[in-house]
Amino acid sequence: MPDSQEAAEALDRWAAGVDPLLDVAGMNLSRVDLSGSELANSLLSQAILHEAKLIKVDLYRSHLEGADFTGADLSGSTLVKSVLDHAVLRGANLNRVNLGSAEVSLVDARGASFRSAQLDGASFFDCQLQGADLSGASAQDTAFEVTMDEGTVVTGFNGVVFGPAKVVDEDGVRELDGPELQDWLNRRGAQVNVR
12 MPDSQEAAEA
22 LDRWAAGVDP
32 LLDVAGMNLS
42 RVDLSGSELA
52 NSLLSQAILH
62 EAKLIKVDLY
72 RSHLEGADFT
82 GADLSGSTLV
92 KSVLDHAVLR
102 GANLNRVNLG
112 SAEVSLVDAR
122 GASFRSAQLD
132 GASFFDCQLQ
142 GADLSGASAQ
152 DTAFEVTMDE
162 GTVVTGFNGV
172 VFGPAKVVDE
182 DGVRELDGPE
192 LQDWLNRRGA
202 QVNVR
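Residue 12 is where the sequence shown starts when you use the numbering used here, and the numbers rise one by one after that.
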């Protein structure tokens, strides 16, 4: 149970079926374990979920705007069509998540792991992916306007993405698009086409 009395009461009402949709917007749910839960259409905007266990959770069409998932484990979860604008995913485990058609704008995902994630049709705009791991992730028709660095792992990252993206290296920040972005990614083990 979360430390916050308000959050604990909201979870109790939801678990008892009193509230069919979970609404914990703005509440602190750090270290809560909701693994395996059906949370489709939930309201978690501005919620604090530091180190929360959200393994294999269904968050279809959920509102996660501004939520802070620092260090959280969302592995295997479904976030299809969810809205994560302004969310914080620093160091979060998003391995095997499905972010199909999700809105992911102005998100801080530095050091997050997206290994084998499905990013198909998602819109990544102005997202920080420095030090993130995209190994084996698929991205079909995905807007990929992100910032990466030499620590961003893209081995096996595959699909079709749309830039431009920014790359931070010893020369500063460069914007790459089209063949330049495709070359930068594929030289690091990705298998993407940039359109």
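For the record, the hints were derived by calculation from the structure and aren't laboratory data. Certain hints may be false.
Said to hold, decoys possible - Below, computed lysine-lysine pairings styled on DSSO-like, alpha-carbon distance capped at 27 Å: (1) Lys-67 to Lys-92; (2) Lys-177 to Lys-92; (3) Lys-64 to Lys-92.
What the hints assert, rightly or not - Cβ-Cβ distance ranges computed for the label pairs, FRET-style: (4) Lys-67 to Asp-182: 37 to 43 Å; (5) Gly-167 to Arg-72: 25 to 31 Å; (6) Asp-23 to Asn-52: 17 to 23 Å; (7) Ala-19 to Glu-191: 37 to 43 Å.
All values derive from a computational prediction rather than experimental measurement. The beta carbon of each residue, even a glycine, is placed where N, CA and C say it ideally should be.
Evaluated hints:
no.	hint	verdict
1	Lys-67 to Lys-92	16 Å, holds
2	Lys-177 to Lys-92	25 Å, holds
3	Lys-64 to Lys-92	21 Å, holds
4	Lys-67 to Asp-182: 37 to 43 Å	42 Å, holds
5	Gly-167 to Arg-72: 25 to 31 Å	29 Å, holds
6	Asp-23 to Asn-52: 17 to 23 Å	19 Å, holds
7	Ala-19 to Glu-191: 37 to 43 Å	51 Å, violated
Checked against the numbered hints above, the structure breaks only hint 7 and satisfies the rest.
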